[in-house]
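Q: Chains D and P are the protein sequences, given in the same order. At position 180 of the first sequence (counting the first as 1) the number is 180 in full-length UniProt numbering, and the numbers step up by one without a gap. At position 185 of the second sequence (counting the first as 1) the number is 185 in full-length UniProt numbering, and the numbers step up by one without a gap.
Everything hinted at is true.
Any copy, or any two copies together, can satisfy a pair, since identical chains are not distinguished.
Distance condition first, Cα-Cα at most 20 Å in a straight line; then the derived SDA-like pairs of lysine to any residue:
| id | residue 1 | residue 2 |
| --- | --- | --- |
| 1 | K81 | H46 |
| 2 | K77 | D108 |
| 3 | K77 | P109 |
| 4 | K244 | G218 |
| 5 | K188 | F217 |
| 6 | K244 | S225 |
| 7 | K131 | K164 |
| 8 | K211 | N198 |
No lab work stands behind these hints, which were simulated from the structure alone. Note that the structure is a prediction, hence the values are computed from the model and not measured.
Protein chains: 2
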Amino acid sequence: MSLSKNNLKLITSLQRKKYREKHNLFVAEGIKVVNELLNSSIEAFHVFSTNEDFSVSKEVDFTVVSDNELKKISTLKNPNKVLGLFKIPERKKLKVSGFIVALDEVNDPGNLGTIIRLCDWFGVTQLVCSKNTVDCYNQKVVQSTMGSLTRVNISYVDLPEFLKTTDLPVYTADMNGTNVYTSSLPQKAVLVMGNEANGISKEISGIVKHKLTIPRFGDIQQTESLNVATATAILLSEFKRGLK
Amino acid sequence: MSLSKNNLKLITSLQRKKYREKHNLFVAEGIKVVNELLNSSIEAFHVFSTNEDFSVSKEVDFTVVSDNELKKISTLKNPNKVLGLFKIPERKKLKVSGFIVALDEVNDPGNLGTIIRLCDWFGVTQLVCSKNTVDCYNQKVVQSTMGSLTRVNISYVDLPEFLKTTDLPVYTADMNGTNVYTSSLPQKAVLVMGNEANGISKEISGIVKHKLTIPRFGDIQQTESLNVATATAILLSEFKRGLK
Numbered sequence: 001m002s003l004s005k006n007n008l009k010l011i012t013s014l015q016r017k018k019y020r021e022k023h024n025l026f027v028a029e030g031i032k033v034v035n036e037l038l039n040s041s042i043e044a045f046h047v048f049s050t051n052e053d054f055s056v057s058k059e060v061d062f063t064v065v066s067d068n069e070l071k072k073i074s075t076l077k078n079p080n081k082v083l084g085l086f087k088i089p090e091r092k093k094l095k096v097s098g099f100i101v102a103l104d105e106v107n108d109p110g111n112l113g114t115i116i117r118l119c120d121w122f123g124v125t126q127l128v129c130s131k132n133t134v135d136c137y138n139q140k141v142v143q144s145t146m147g148s149l150t151r152v153n154i155s156y157v158d159l160p161e162f163l164k165t166t167d168l169p170v171y172t173a174d175m176n177g178t179n180v181y182t183s184s185l186p187q188k189a190v191l192v193m194g195n196e197a198n199g200i201s202k203e204i205s206g207i208v209k210h211k212l213t214i215p216r217f218g219d220i221q222q223t224e225s226l227n228v229a230t231a232t233a234i235l236l237s238e239f240k241r242g243l244k
Numbered sequence: 001m002s003l004s005k006n007n008l009k010l011i012t013s014l015q016r017k018k019y020r021e022k023h024n025l026f027v028a029e030g031i032k033v034v035n036e037l038l039n040s041s042i043e044a045f046h047v048f049s050t051n052e053d054f055s056v057s058k059e060v061d062f063t064v065v066s067d068n069e070l071k072k073i074s075t076l077k078n079p080n081k082v083l084g085l086f087k088i089p090e091r092k093k094l095k096v097s098g099f100i101v102a103l104d105e106v107n108d109p110g111n112l113g114t115i116i117r118l119c120d121w122f123g124v125t126q127l128v129c130s131k132n133t134v135d136c137y138n139q140k141v142v143q144s145t146m147g148s149l150t151r152v153n154i155s156y157v158d159l160p161e162f163l164k165t166t167d168l169p170v171y172t173a174d175m176n177g178t179n180v181y182t183s184s185l186p187q188k189a190v191l192v193m194g195n196e197a198n199g200i201s202k203e204i205s206g207i208v209k210h211k212l213t214i215p216r217f218g219d220i221q222q223t224e225s226l227n228v229a230t231a232t233a234i235l236l237s238e239f240k241r242g243l244k
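One chain only, chain D, in its complex shape (with noise of 0.2 Å):
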């Protein structure tokens, strides 16, 4: 009942993508993030905690580890009581249909796990990446989204060809587009946001017919842009507000 070597190399190799796939598991930490995928649809596949009580059905293999075993296997700076791993479900059908959100090569776990969440927020449950976007079962990305991983439908797909053939208007975030605040927005559509430093690519923009503008505020116009993800939170907010 504690932690075996070919266990701790198994959970370290999981910061690999490479390895994630080959074992098809990713890792998931701390009681919330844990028991939010015990609850969903995603299999569990073993549970590491330091608590003996801690509830898991039997069907999941359970070791009970020390506070030193779990802090080997921890990512984090304050591990909390529980890591679990769970299987990688099979991708869902792409759903092209309704508001989709779709990232042109977003690199940092933080964002797109902060998108995701979003997504959940506001009831947007197909999010589409481009291949060159970070992989959703990064660790970061998992404990970011504080379980909305569960209940939305990400794609990786061939981008600038699946914004080609559909039949939604493509819209994006731009610093020459029209202002968001006036313009007419449609229920149904996809809303490509782009990489950190580059926005998206040339390609991209030239496949996108919609450019929508944040207006910036104050005297003093220097803030050269706003966050990926916080410019997604207010364009969805956007999108949506007339909906309620």
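Starting from the known structure of chain D, arrange chain P on it as the hints suggest.
A: Positioned in the frame of chain D, the structure of chain P alone reads:
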């Protein structure tokens, strides 16, 4: 013209608030952030760069360092050519007018940095922080503000006392408030945002009159809350959108 032991020790010590206050200095890294600060009213103290041609005025101490030396003093995964020490400016007097954002025990440096950047974008020149909010000269805050730090006046105060005595109407985000999308919002107000895990304190909740809710969308109503920075983005956008 290389890194002295004393400078190494000084720079490393500045990761802690205690030593930032003792030396009255803070650290910024990377070409973009350092240049923003060099071009601001903030006084530069010493710049270290791997590039001897990095442009600094004659009054500022300048030291060329090797890549390895930069790695030693940097807290970034990928140090970007330059690290600067800057003097912490004298706190400007708190200016209670117009629109103010107030923070109650925001702990995460990335969140504070993002909120400072949002204030700058939305023309909010005064940010008021409770004394237990993370220090705005924390290195991670400085990095994530991307220069906005120089354009927003940040005051650390007894927050309940401040909110009790201000003449401005005080707003906050709350799950049981009025729908922000259909509320009539004033141009002059204080918007208080709370701690990442616990929201605003009970004491402050008792003081705040106006509670706003960002409605949740979608069928499955399980997303627990929005991240404090994305909620601030949406609420600031709502307060300001009527002006453009």
